[in-house]
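K.L.:
Sequence:
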Amino acid sequence: MKNELETLVASGHNGLTRRLLLKASSSGAMLLGAGLLVGCGGSGDSHSHSSSGSKDTDILGAAKIAEALAVTMYTNIINTSPFFATLADDDQSYIKNARDEEMFHYILLRSQTGGTDAPTTYYFPANMFTDPQTTLNVLVTLEDAFVAAYIYGVANFSSSALRVIAAQIMGIESDHRSLARVIAHELGLASTTGLSGSPESVDPPNNNIYERRYGLDTLDAIVNALKPFFDATTANANNFTVSKTFDPTYMPTGAGLFGNPPA
Numbered sequence: 002m003k004n005e006l007e008t009l010v011a012s013g014h015n016g017l018t019r020r021l022l023l024k025a026s027s028s029g030a031m032l033l034g035a036g037l038l039v040g041c042g043g044s045g046d047s048h049s050h051s052s053s054g055s056k057d058t059d060i061l062g063a064a065k066i067a068e069a070l071a072v073t074m075y076t077n078i079i080n081t082s083p084f085f086a087t088l089a090d091d092d093q094s095y096i097k098n099a100r101d102e103e104m105f106h107y108i109l110l111r112s113q114t115g116g117t118d119a120p121t122t123y124y125f126p127a128n129m130f131t132d133p134q135t136t137l138n139v140l141v142t143l144e145d146a147f148v149a150a151y152i153y154g155v156a157n158f159s160s161s162a163l164r165v166i167a168a169q170i171m172g173i174e175s176d177h178r179s180l181a182r183v184i185a186h187e188l189g190l191a192s193t194t195g196l197s198g199s200p201e202s203v204d205p206p207n208n209n210i211y212e213r214r215y216g217l218d219t220l221d222a223i224v225n226a227l228k229p230f231f232d233a234t235t236a237n238a239n240n241f242t243v244s245k246t247f248d249p250t251y252m253p254t255g256a257g258l259f260g261n262p263p264a
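Numbering-wise (this note's numbering), the sequence shown opens with residue 2 and increments by one.
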């Protein structure tokens with residue numbers, strides 16, 4: 002019997018699902034956690050699940066946390082970063098639409114994980130919302146991680162509906178990464194440091210031939226990377242000293258946004 006997500010896909014309902022996330026230090030280089038992330042719906046080990054359904058649940062649960070984190074990041078770039086008002090109108094629209102895309106994904110993921118919300122407190126490196134280099138480094142790092150995570154979903158979800166959704170969302174994450182690097186260039190930054198841990202020139206902004214996976218080939222590797230962003234102890238150990246609150250009641254407008262899951 003189809004679950005609700007597959008029903009939405011079959012009916013062409015305007016919803017999506019999306020990313021999984023990762024790391025950042027105040028310099029923008031990221032640090033992967035070593036412990037198991039708890040509270041994401043299972044062990045996260047890609048070989049230990051008793052059923053394909055439980056693996057799907059684990060991936061969706063981790064993605065829900067990642068989406069809440071992404072919404073929180075974009076919201077605070079808009080509301081608290083001094084440089085946001087200096088951006089061209091089209092760059093401001095990119096960031097606002099990215100936030101709404103993430104929230105649409107979160108709403109769908111919440112419906113697939115018992116209707117429960119993700120944690121509402123998230124942590125970021127010092128200067129995350131005041132220093133453009135830090136902001137863009139973290140943003141690119143997270144988008145790198147999201148792309149890698151959704152590639153994992155393409156390989157490991159149990160149904161074609163979920164795998165196609167993961168591929169669709171992965172493409173949006175790649176858009177976000179390139180546009181972030183365009184903004185970095187327009188702010189006068191020479192490079193961004195993403196998930197590779199090394200500075201990469203922002204010229205050209207779309208510098209990938211194939212999407213990179215950065216060794217994130219198990220669910221454990223993906224969900225462990227989330228921990229500094231929502232676990233207070235791990236955040237403190239990584240000098241993630243900025244805390245922000247996610248609003249699960251935010252309703253995106255979807256203005257100017259297009260696309261449905263496949264019919």
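The hints are simulated quantities; they were obtained by calculation from the structure and are not laboratory data.
Predicted model only: the values in this text are computed from it and were never measured.
Check the hints yourself; a few may be wrong.
Stated by the list, open to error - Computed beta-carbon distance windows for the label pairs:
id: 1; residue 1: Pro-83; residue 2: Ala-256; range: 17 to 27 Å
id: 2; residue 1: Gly-189; residue 2: Ser-160; range: 13 to 23 Å
id: 3; residue 1: Val-165; residue 2: Asn-209; range: 34 to 44 Å
id: 4; residue 1: Thr-131; residue 2: Glu-187; range: 15 to 25 Å
id: 5; residue 1: Ala-191; residue 2: Arg-164; range: 36 to 46 Å
id: 6; residue 1: Ala-89; residue 2: Gly-115; range: 35 to 45 Å
id: 7; residue 1: Gly-198; residue 2: Ala-233; range: 20 to 30 Å
Just so you know, even glycine gets a beta-carbon here, dropped at the ideal spot from N, CA and C.
K.L.:
Are the hints correct? Go through all of them and say.
P.N.:
The hints, checked one at a time:
no.	hint	in the structure
1	Pro-83 to Ala-256: 17 to 27 Å	holds, 25 Å
2	Gly-189 to Ser-160: 13 to 23 Å	violated, 46 Å
3	Val-165 to Asn-209: 34 to 44 Å	violated, 21 Å
4	Thr-131 to Glu-187: 15 to 25 Å	holds, 18 Å
5	Ala-191 to Arg-164: 36 to 46 Å	holds, 38 Å
6	Ala-89 to Gly-115: 35 to 45 Å	holds, 41 Å
7	Gly-198 to Ala-233: 20 to 30 Å	holds, 25 Å
In this structure, the earlier hints numbered 2, 3 are contradicted, and the remaining ones agree with it.
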